[in-house]
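Hey, can you work out the whole structure from these sequences and the hints?
Same order as they appear, the protein sequences are chains A and B.
All residue numbers for the first sequence refer to the UniProt record's numbering, where the first residue is 1 and numbers rise by one.
All residue numbers for the second sequence refer to the UniProt record's numbering, where the first residue is 1 and numbers rise by one.
Honestly, the hints are just simulated from the structure, not real lab data.
Virtual Cβ for every residue (Gly too), placed ideally from N, Cα, C.
Warning: the hint list may mix true and false statements.
[What the hints assert, rightly or not] Straight-line distance between alpha carbons at most 25 Å, and here's what the computed DSS-like set of lysine-lysine pairs gives: (1) A:Lys58 x B:Lys238; (2) A:Lys231 x B:Lys216; (3) A:Lys223 x A:Lys238; (4) A:Lys238 x B:Lys324; (5) B:Lys122 x B:Lys106; (6) A:Lys216 x B:Lys238; (7) A:Lys223 x B:Lys238; (8) A:Lys181 x B:Lys106; (9) A:Lys238 x A:Lys122; (10) A:Lys231 x B:Lys231; (11) A:Lys106 x A:Lys122; (12) B:Lys231 x A:Lys216; (13) B:Lys114 x B:Lys223; (14) A:Lys320 x A:Lys155; (15) B:Lys238 x A:Lys231; (16) A:Lys238 x A:Lys181; (17) A:Lys122 x B:Lys216; (18) B:Lys332 x A:Lys332; (19) A:Lys238 x B:Lys58; (20) B:Lys122 x A:Lys216; (21) B:Lys181 x A:Lys181; (22) A:Lys102 x A:Lys90; (23) B:Lys231 x B:Lys114.
[Said to hold, decoys possible] Here are the computed distance ranges between Cβ atoms for each label pair: (24) B:Lys231 x A:Gly222: 33 to 39 Å; (25) B:Ala292 x A:Gly134: 44 to 50 Å; (26) A:Glu60 x B:Pro54: 34 to 40 Å; (27) A:Lys106 x B:Glu138: 43 to 49 Å; (28) A:Lys106 x B:Lys102: 47 to 53 Å; (29) B:Pro331 x A:Glu60: 22 to 28 Å; (30) B:Gly119 x A:Ala292: 57 to 63 Å; (31) B:Lys102 x A:Gly134: 41 to 47 Å; (32) B:Lys102 x A:Ala133: 39 to 45 Å; (33) B:Lys231 x A:Gly134: 26 to 32 Å; (34) B:Lys58 x A:Gly111: 30 to 36 Å.
[What the hints assert, rightly or not] Residues from chain A that keep clear of chain B, each with C-beta distances beyond 12 Å, as calculated: (35) Pro36; (36) Pro77; (37) Lys90; (38) Trp99; (39) Asp112; (40) Pro123.
2 protein chains.
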Amino acid sequence: MTLQRPVFPLLAFIAATLMAAPLQAREALASWNDGPTRQAIVDFVARVTTTGGPDYVKPEERIAVFDNDGTLWTEQPAYTQLLFALDRVKALAPQHPEWRRKQPFKAALAGDVKALAAGGAKPLMELIATTHAGGGPEDFQALAAEWLAHAENPKFRARYDRLVYQPMLELLDYLRANGFKTYIVSGGGVEFLRAFAERAYGVPPEQIIGSSIVTKFVLVDGKPALRREAKIAFIDDKEGKPVAINAHIGRRPIAAFGNSDGDLEMLQWTTAGAGPRFGLIVHHDDAAREAAYDRASPVGRLARALDEAPQHGWVVVSMKKDWKVVFPETPKP
Amino acid sequence: MTLQRPVFPLLAFIAATLMAAPLQAREALASWNDGPTRQAIVDFVARVTTTGGPDYVKPEERIAVFDNDGTLWTEQPAYTQLLFALDRVKALAPQHPEWRRKQPFKAALAGDVKALAAGGAKPLMELIATTHAGGGPEDFQALAAEWLAHAENPKFRARYDRLVYQPMLELLDYLRANGFKTYIVSGGGVEFLRAFAERAYGVPPEQIIGSSIVTKFVLVDGKPALRREAKIAFIDDKEGKPVAINAHIGRRPIAAFGNSDGDLEMLQWTTAGAGPRFGLIVHHDDAAREAAYDRASPVGRLARALDEAPQHGWVVVSMKKDWKVVFPETPKP
Numbered sequence: 001m002t003l004q005r006p007v008f009p010l011l012a013f014i015a016a017t018l019m020a021a022p023l024q025a026r027e028a029l030a031s032w033n034d035g036p037t038r039q040a041i042v043d044f045v046a047r048v049t050t051t052g053g054p055d056y057v058k059p060e061e062r063i064a065v066f067d068n069d070g071t072l073w074t075e076q077p078a079y080t081q082l083l084f085a086l087d088r089v090k091a092l093a094p095q096h097p098e099w100r101r102k103q104p105f106k107a108a109l110a111g112d113v114k115a116l117a118a119g120g121a122k123p124l125m126e127l128i129a130t131t132h133a134g135g136g137p138e139d140f141q142a143l144a145a146e147w148l149a150h151a152e153n154p155k156f157r158a159r160y161d162r163l164v165y166q167p168m169l170e171l172l173d174y175l176r177a178n179g180f181k182t183y184i185v186s187g188g189g190v191e192f193l194r195a196f197a198e199r200a201y202g203v204p205p206e207q208i209i210g211s212s213i214v215t216k217f218v219l220v221d222g223k224p225a226l227r228r229e230a231k232i233a234f235i236d237d238k239e240g241k242p243v244a245i246n247a248h249i250g251r252r253p254i255a256a257f258g259n260s261d262g263d264l265e266m267l268q269w270t271t272a273g274a275g276p277r278f279g280l281i282v283h284h285d286d287a288a289r290e291a292a293y294d295r296a297s298p299v300g301r302l303a304r305a306l307d308e309a310p311q312h313g314w315v316v317v318s319m320k321k322d323w324k325v326v327f328p329e330t331p332k333p
Numbered sequence: 001m002t003l004q005r006p007v008f009p010l011l012a013f014i015a016a017t018l019m020a021a022p023l024q025a026r027e028a029l030a031s032w033n034d035g036p037t038r039q040a041i042v043d044f045v046a047r048v049t050t051t052g053g054p055d056y057v058k059p060e061e062r063i064a065v066f067d068n069d070g071t072l073w074t075e076q077p078a079y080t081q082l083l084f085a086l087d088r089v090k091a092l093a094p095q096h097p098e099w100r101r102k103q104p105f106k107a108a109l110a111g112d113v114k115a116l117a118a119g120g121a122k123p124l125m126e127l128i129a130t131t132h133a134g135g136g137p138e139d140f141q142a143l144a145a146e147w148l149a150h151a152e153n154p155k156f157r158a159r160y161d162r163l164v165y166q167p168m169l170e171l172l173d174y175l176r177a178n179g180f181k182t183y184i185v186s187g188g189g190v191e192f193l194r195a196f197a198e199r200a201y202g203v204p205p206e207q208i209i210g211s212s213i214v215t216k217f218v219l220v221d222g223k224p225a226l227r228r229e230a231k232i233a234f235i236d237d238k239e240g241k242p243v244a245i246n247a248h249i250g251r252r253p254i255a256a257f258g259n260s261d262g263d264l265e266m267l268q269w270t271t272a273g274a275g276p277r278f279g280l281i282v283h284h285d286d287a288a289r290e291a292a293y294d295r296a297s298p299v300g301r302l303a304r305a306l307d308e309a310p311q312h313g314w315v316v317v318s319m320k321k322d323w324k325v326v327f328p329e330t331p332k333p
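This is the structure:
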């Protein structure tokens, strides 16, 4: 260990300033088409980072929250975690003959994704609670990571972690380069998200807020461990999102990014705060490259948030018009 | 906003390295007497920060968790938050005549701190739930900050936020200077802690884990807000601590600091992980400068954790022998 103090404070200051210099917006948001959507993002970031400007926000208050399913990666043909849970049901079914006659397991074994998705978060969470319990968080993350490394999305015929949105990856990087702390606030399970979010999005485990099942501290042969139980602890959706953000972060975000009515309260609460605020909705209107859905979709239904967008000044992204590409052309291996 | 990329990468690298250089241990831990306790701290930090060494730990995994009451500030003559709650009971009593005949309010109005403290976290949390509910988290933090700015600890005749332990402040700084992320993991209420922890300890709101009451998202005249309800949500004590740490941070800490049996499971779980681990117990054996208590104390009882310390290699701090001073000589204004 080198124990010495800075010897060239001025040099250090200059260099640190250069290192922290934000990326060129054009370079950073390369997959965003020119137009009012990209301009709104760039303008907002310029306002809150201009030292001495009227809307300057200190770095520690530059909190940005992102929904995951449908905002950072695809939720088609169904939530990825639901598809993972279905595979877990199949893997565990031989030990559970009663599942053949019991919902939601029966639908899961039949591969009836539509029926499951239509029920919203509750049956999904019940499947998750049952099929994701047993071991500790690290065991579960290993299971999820293993599945993600091999399973294939049936619609896009690609690994799930390659179906992230390239423009949103650039947006995450751009915000972080401008001193923002980026959080994921998802209805998905927190340990499922932790299995891939750091590699996929550069978001570390402590910046992930999600749904959870009950976890208990136990001593196994005198050795302390955590055990996941088949019981829902918290569903991080709708009005749960602002509550969870406050519990976890303790600051109201200044920017929120979502794509469905599950993000409505998070958008409302974020943008109702004093000072500069930013709300953005990813609108899936791109049937050719990904999917077109909103008001009538059982997955990622978007109706109320879309209706409220104009009155709050939320930016609505048209995937079709605003994005040059949807998925990364050279995904991570 | 300056939009440019680093032009002198080598210069920047050198300067950033110098800036990140850890403080001299001697300087940083100035209030710790020479001896095995301080040496154990310095040795552990050297092990985990020596690049290329066998026990090197990457900065993002250098998580240190600190209990608050009795570990970072005094818990004598009673938990500070309990004394705050008593003052809240008195302030709110005129609107609640029924409290004169109902426990724990009756004891609170009689100022019977001993009776309340002896019950452990539950009656304290009931008082807190009732007297701390009503507004939003920001309203509550303002109330707590206002009280902390004026109230006086009856034993030490000083403001509560001046009764922090100087050697522990230095330890927090020393760990952070060595790339650690410092978290508070307290049985106290998370919003109460947030009212002072950043100023007192340099710990930001998102690194505070604590007990909580139920908080709900509401629309008031169409305006989104959070409302605190008179109902306990989570008690962050004993086996709750490892559970909350996992939920919040998603990594097992490599160092844990506590002072009572409420910290036992956090110490067990932290130090049972693979690789280098550090556990420390502040033992209150200094009747002259602060207080001497352990096994028989209703506040901060320390028995099982003290018994288990040798088998786990936890360092037991003698306030009397290891600390040059207890409280800051020049407290923050």
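Against the structure, the hints come out as follows:
1. A:Lys58 x B:Lys238: Not OK: Lys58 of chain A and Lys238 of chain B at ~36 Å, beyond 25 Å, violated.
2. A:Lys231 x B:Lys216: Roughly 21 Å between the alpha carbons, so the hint for Lys231 of chain A and Lys216 of chain B holds.
3. A:Lys223 x A:Lys238: Between Lys223 of chain A and Lys238 of chain A the Cα gap is close to 38 Å, so the pair fails against 25 Å, i.e. violated.
4. A:Lys238 x B:Lys324: 52 Å, violated
5. B:Lys122 x B:Lys106: 16 Å, holds
6. A:Lys216 x B:Lys238: Distance of about 12 Å is within 25 Å: holds.
7. A:Lys223 x B:Lys238: Answer holds: Lys223 of chain A to Lys238 of chain B is near 16 Å, not above 25 Å.
8. A:Lys181 x B:Lys106: 46 Å, violated
9. A:Lys238 x A:Lys122: Roughly 13 Å between the alpha carbons, so the hint for Lys238 of chain A and Lys122 of chain A holds.
10. A:Lys231 x B:Lys231: 21 Å, holds
11. A:Lys106 x A:Lys122: Holds. Lys106 of chain A to Lys122 of chain A sits at ~16 Å (cutoff 25 Å).
12. B:Lys231 x A:Lys216: 21 Å, holds
13. B:Lys114 x B:Lys223: 43 Å, violated
14. A:Lys320 x A:Lys155: Between Lys320 of chain A and Lys155 of chain A the Cα gap is close to 19 Å, so the pair holds against 25 Å.
15. B:Lys238 x A:Lys231: 21 Å, holds
16. A:Lys238 x A:Lys181: 22 Å, holds
17. A:Lys122 x B:Lys216: Holds, at roughly 19 Å.
18. B:Lys332 x A:Lys332: 49 Å, violated
19. A:Lys238 x B:Lys58: 36 Å, violated
20. B:Lys122 x A:Lys216: Holds, because 19 Å separates the two Cα atoms, which is no more than 25 Å.
21. B:Lys181 x A:Lys181: 15 Å, holds
22. A:Lys102 x A:Lys90: 14 Å, holds
23. B:Lys231 x B:Lys114: 24 Å, holds
24. B:Lys231 x A:Gly222: 33 to 39 Å: 36 Å, holds
25. B:Ala292 x A:Gly134: 44 to 50 Å: 46 Å, holds
26. A:Glu60 x B:Pro54: 34 to 40 Å: Distance hint for Glu60 of chain A, Pro54 of chain B holds at roughly 36 Å.
27. A:Lys106 x B:Glu138: 43 to 49 Å: Taking Cβ atoms as reference, Lys106 of chain A and Glu138 of chain B lie about 47 Å apart, which means the hint holds.
28. A:Lys106 x B:Lys102: 47 to 53 Å: 51 Å, holds
29. B:Pro331 x A:Glu60: 22 to 28 Å: 24 Å, holds
30. B:Gly119 x A:Ala292: 57 to 63 Å: Given a distance of about 60 Å, which is inside 57 to 63 Å, the answer is holds.
31. B:Lys102 x A:Gly134: 41 to 47 Å: Once the Cβ atoms are compared, 44 Å apart, the range 41 to 47 Å for Gly134 of chain A and Lys102 of chain B holds.
32. B:Lys102 x A:Ala133: 39 to 45 Å: 40 Å, holds
33. B:Lys231 x A:Gly134: 26 to 32 Å: 31 Å, holds
34. B:Lys58 x A:Gly111: 30 to 36 Å: 41 Å, violated
35. Pro36: Holds: least Cβ distance 20 Å, greater than 12 Å.
36. Pro77: Check passes; 29 Å lies beyond 12 Å.
37. Lys90: Lys90 of chain A is indeed farther than 12 Å from all Cβ atoms of chain B, at 28 Å.
38. Trp99: 29 Å, holds
39. Asp112: The claim holds: Asp112 of chain A sits with its nearest Cβ about 32 Å from chain B, beyond 12 Å.
40. Pro123: Holds, since 23 Å exceeds 12 Å.
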